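Student: The chain contents come next:
2 protein chains.
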Amino acid sequence: MNAEIISVGTELLLGAVVNTDTAIVARALSELGIDLMHTCVVGDNPQRLKEAVEGAIARSGLLIMTGGLGPTADDLTKETTAAAAGKRLVLHEESLRRIENYFNEKHVSENQAKQAWLPEGCTVLQNDNGTAPGCAFQAENGCTIIMLPGPPSELTPMLNNYAVPYLKKSQEYTIVSHNVHIYGRGEAPVAQMMDDLMDSENPTLAPYANEGECYLRVTAKARTHEEADRMCGPLIEEIRSRLGNFVYSVDVNSLEELVVKELAEKGKTLATAESCTGGLLSKRITDVSGSSGVFHMGVVTYANKAKEELLGVPHETLEQHGAVSEETARAMAEGIVRKSGSDLGVGITGIAGPEGGTPEKPVGLIYIALSDGENTWVAKRSPIGRTKSRDWHRHCAASQALDMVRRYLAGMPVTEQ
Amino acid sequence: MNAEIISVGTELLLGAVVNTDTAIVARALSELGIDLMHTCVVGDNPQRLKEAVEGAIARSGLLIMTGGLGPTADDLTKETTAAAAGKRLVLHEESLRRIENYFNEKHVSENQAKQAWLPEGCTVLQNDNGTAPGCAFQAENGCTIIMLPGPPSELTPMLNNYAVPYLKKSQEYTIVSHNVHIYGRGEAPVAQMMDDLMDSENPTLAPYANEGECYLRVTAKARTHEEADRMCGPLIEEIRSRLGNFVYSVDVNSLEELVVKELAEKGKTLATAESCTGGLLSKRITDVSGSSGVFHMGVVTYANKAKEELLGVPHETLEQHGAVSEETARAMAEGIVRKSGSDLGVGITGIAGPEGGTPEKPVGLIYIALSDGENTWVAKRSPIGRTKSRDWHRHCAASQALDMVRRYLAGMPVTEQ
Chain P
-12 MNAEIISVGT ELLLGAVVNT DTAIVARALS ELGIDLMHTC VVGDNPQRLK EAVEGAIARS
48 GLLIMTGGLG PTADDLTKET TAAAAGKRLV LHEESLRRIE NYFNEKHVSE NQAKQAWLPE
108 GCTVLQNDNG TAPGCAFQAE NGCTIIMLPG PPSELTPMLN NYAVPYLKKS QEYTIVSHNV
168 HIYGRGEAPV AQMMDDLMDS ENPTLAPYAN EGECYLRVTA KARTHEEADR MCGPLIEEIR
228 SRLGNFVYSV DVNSLEELVV KELAEKGKTL ATAESCTGGL LSKRITDVSG SSGVFHMGVV
288 TYANKAKEEL LGVPHETLEQ HGAVSEETAR AMAEGIVRKS GSDLGVGITG IAGPEGGTPE
348 KPVGLIYIAL SDGENTWVAK RSPIGRTKSR DWHRHCAASQ ALDMVRRYLA GMPVTEQ
Chain E
-12 MNAEIISVGT ELLLGAVVNT DTAIVARALS ELGIDLMHTC VVGDNPQRLK EAVEGAIARS
48 GLLIMTGGLG PTADDLTKET TAAAAGKRLV LHEESLRRIE NYFNEKHVSE NQAKQAWLPE
108 GCTVLQNDNG TAPGCAFQAE NGCTIIMLPG PPSELTPMLN NYAVPYLKKS QEYTIVSHNV
168 HIYGRGEAPV AQMMDDLMDS ENPTLAPYAN EGECYLRVTA KARTHEEADR MCGPLIEEIR
228 SRLGNFVYSV DVNSLEELVV KELAEKGKTL ATAESCTGGL LSKRITDVSG SSGVFHMGVV
288 TYANKAKEEL LGVPHETLEQ HGAVSEETAR AMAEGIVRKS GSDLGVGITG IAGPEGGTPE
348 KPVGLIYIAL SDGENTWVAK RSPIGRTKSR DWHRHCAASQ ALDMVRRYLA GMPVTEQ
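Note that the protein sequences, when read in sequence, are chains P and E. Position one of the first sequence corresponds to residue -12 (the numbering used here), numbered consecutively onward. Position one of the second sequence corresponds to residue -12 (the numbering used here), numbered consecutively onward.
Source of the hints: derived by calculation from the structure; they are not laboratory data. It should be emphasised that the depicted structure is a prediction, and the values quoted were computed from it without experimental measurement. The C-beta atom is built at its ideal place from N, Cα and C for all residues, glycine as well. A few of these clues could be false.
What the hints assert, rightly or not - Capping the alpha-carbon separation at 27 Å, the derived lysine-lysine pairs in DSSO-like fashion look like this:
{"no.": "1", "chain 1": "P", "residue 1": "248", "chain 2": "E", "residue 2": "375"}
{"no.": "2", "chain 1": "P", "residue 1": "292", "chain 2": "E", "residue 2": "375"}
{"no.": "3", "chain 1": "P", "residue 1": "37", "chain 2": "E", "residue 2": "37"}
To be verified - One-sided and incomplete, this derived list gives chain P residues near chain E with beta-carbon spacing under 7 Å:
{"no.": "4", "residue": "0"}
{"no.": "5", "residue": "5"}
{"no.": "6", "residue": "14"}
{"no.": "7", "residue": "195"}
{"no.": "8", "residue": "227"}
{"no.": "9", "residue": "284"}
{"no.": "10", "residue": "287"}
{"no.": "11", "residue": "293"}
{"no.": "12", "residue": "341"}
Please model the entire structure based on the sequences and the hints provided.
Tutor: Shown next as structure tokens:
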């Protein structure tokens, strides 16, 4: 089945908002094995929207519309699309009641009520995070049309919980995907190592880059979920055997999620002492709901005085080696273990830029230390050829710290090139 | 002039990459006063690309292509677009030399050299951050075509430094925009307050929402930059007079940037004590390059024990009122001022969710305190009707803390509903 996506909203044409909806939907279609041929953005203009919808219905088997389902006058996706597909809009009582409940009142405004009018005979896709319901229905020529709300916080759960199951019902086969997450090897070398496996047709293998990490997606297609799942196994094992310790998880989507999970399983606690990352590492750890069981304390010691007073980094270490040095990172990690009483401590110090670099200590030079109170390991990140941003250096340093914790907990060499 | 954007790349159709290029180009066009009518994504398929380009050339005055200029076989934007516009590709010697320099070698591969072949008679847009040059030229029917590389790190500087000046040359007027940033009032009520100003045609006024904040963009069009700039003034003043203390800046793009700037100007320092935000506040402050002058220390006291030991929050306060309480937030802010010796201290404690809520203390309840060592102010965020994510609650709490610092430094009431 060929699909296309039409995103509706003048704000997308003004560049005020990045069109993440398309990427979210595109990825879901890819996981379903549905070929996406075309995506476009149309402003809040009924005539141009009508032309785009008519063209899409004529040439594609599946059309997904995002945005323009809301209460205001310029939200006209439903009216326009239903008309192009030859459907009337009818009032969906249950959706109206959901909107009334959302606002805690019996009489919602006419504008708000407009959201409960949906194409006749459609399957209603419930909105658990907002007021505008989505819907799925067939145009007269058989093209399946799905409408989803624009805000990603509403679109994503509606897509995953209602639209994807709707699409799965109409497919003869089931698709199962697993993501093999890799830290410490880039997308290009990983793709090269897997070159001979890339031609595989079922399961398929595809590499993706993701903010200083990468992952390989293994996707199999079969009559049943169990069969598709079983088909992925040998390829995942082959990847694991080629990449060894660089594989950090299958289907655990981030290093922080994995580390929190592993710490909890092993009953260990972690504390952080950050300089150049400025709290990003503790922020990422506490992004994981439930991290309070394994993370009790972090400090951001941006100034030297704070490193001395809070962490007991010796004044002489800072004097002799400087704040950005292996010795300081080590003393920070050891200091936070003592201070916090946690099992493990991380220390990070470096130059995130764009200012503050020198020929000896250039932007991007970052030391990351892990201590368990007895032993301490230090990794050094050196700037590589290209100019990278402050955000990039900070993100990668925090990722490397998490990877060192992951390796420690798994009994692997903590640092490995 | 009507414009459209065609982004080329199968990776965009697989959802592996979010199409930020379109938003970057769309914003630049909007600032130039060029109306963007349509954007689309086409995979690396010559036939479909040809159809999309031919359609765009026929109906628009300006076509911007992004992506597909690279060295590999599936990079076919130039070949296909030039053919559709009736142009041959010719070798651009200077671009070839730039590619040779980039790789530090005399003989670059045929694939790499392919990037130096450009439409005859075009204006070459130099790539200062990669190998593939861009170009600008006119199709036979007069449609202006601009091709830009796909990676945002190459596209953005080429757009700003070469493509925008190219487009400005052909325009009679200059556009100037200013963004009025607002904290504490949402997009909808702000738009309502400005309703009578929205019809203004020159300057224009448009509201934008942005992660718990909003801003109003004022845009004027005139013969000269100075004139356009002057025309924005009265409207900005009118907005300020209507919104008062809720306006936090004109053209300073984030609360953290403003707060770091104001702290530096006033010679004040700030320290943070975070619980539920887990380091997000210190991360945001240290996102600003040069923040080390005003931010020396932060702590993340996730566990009660850490609140007691690091910040001196009294055990009885935690026992009597709980970790999530006005009293604890206050003690955290006062504790970090004492501990750090900074002029100002922020304490944040709350329930970010999705777990951990109770009927008395629901998810989203967050207390934010600011202390200057003498006085302490506490704001309470209560969950409003909607289900919001952990990220959202954390982001908004950090923003509110920054806003309280901003208000303190400006001599305004620190908390205001």
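Student: For every hint, state whether the structure bears it out.
Tutor: Results of checking the hints against the structure:
1. 248(P) to 375(E): With a Cα-Cα distance of about 24 Å, the restraint between residue 248(P) and residue 375(E) holds, given a limit of 27 Å.
2. 292(P) to 375(E): 39 Å, violated
3. 37(P) to 37(E): 23 Å, holds
4. 0: Holds: closest Cβ of chain E sits about 4 Å from residue 0(P), inside 7 Å.
5. 5: Holds, because the Cβ-Cβ distance from residue 5(P) to chain E comes to roughly 4 Å (cut-off 7 Å).
6. 14: 3 Å, holds
7. 195: Cβ of residue 195(P) sits 5 Å from chain E, so the hint holds.
8. 227: 22 Å, violated
9. 284: Nearest chain E Cβ about 4 Å off; hint holds.
10. 287: 4 Å, holds
11. 293: 4 Å, holds
12. 341: Holds, because the Cβ-Cβ distance from residue 341(P) to chain E comes to roughly 6 Å (cut-off 7 Å).
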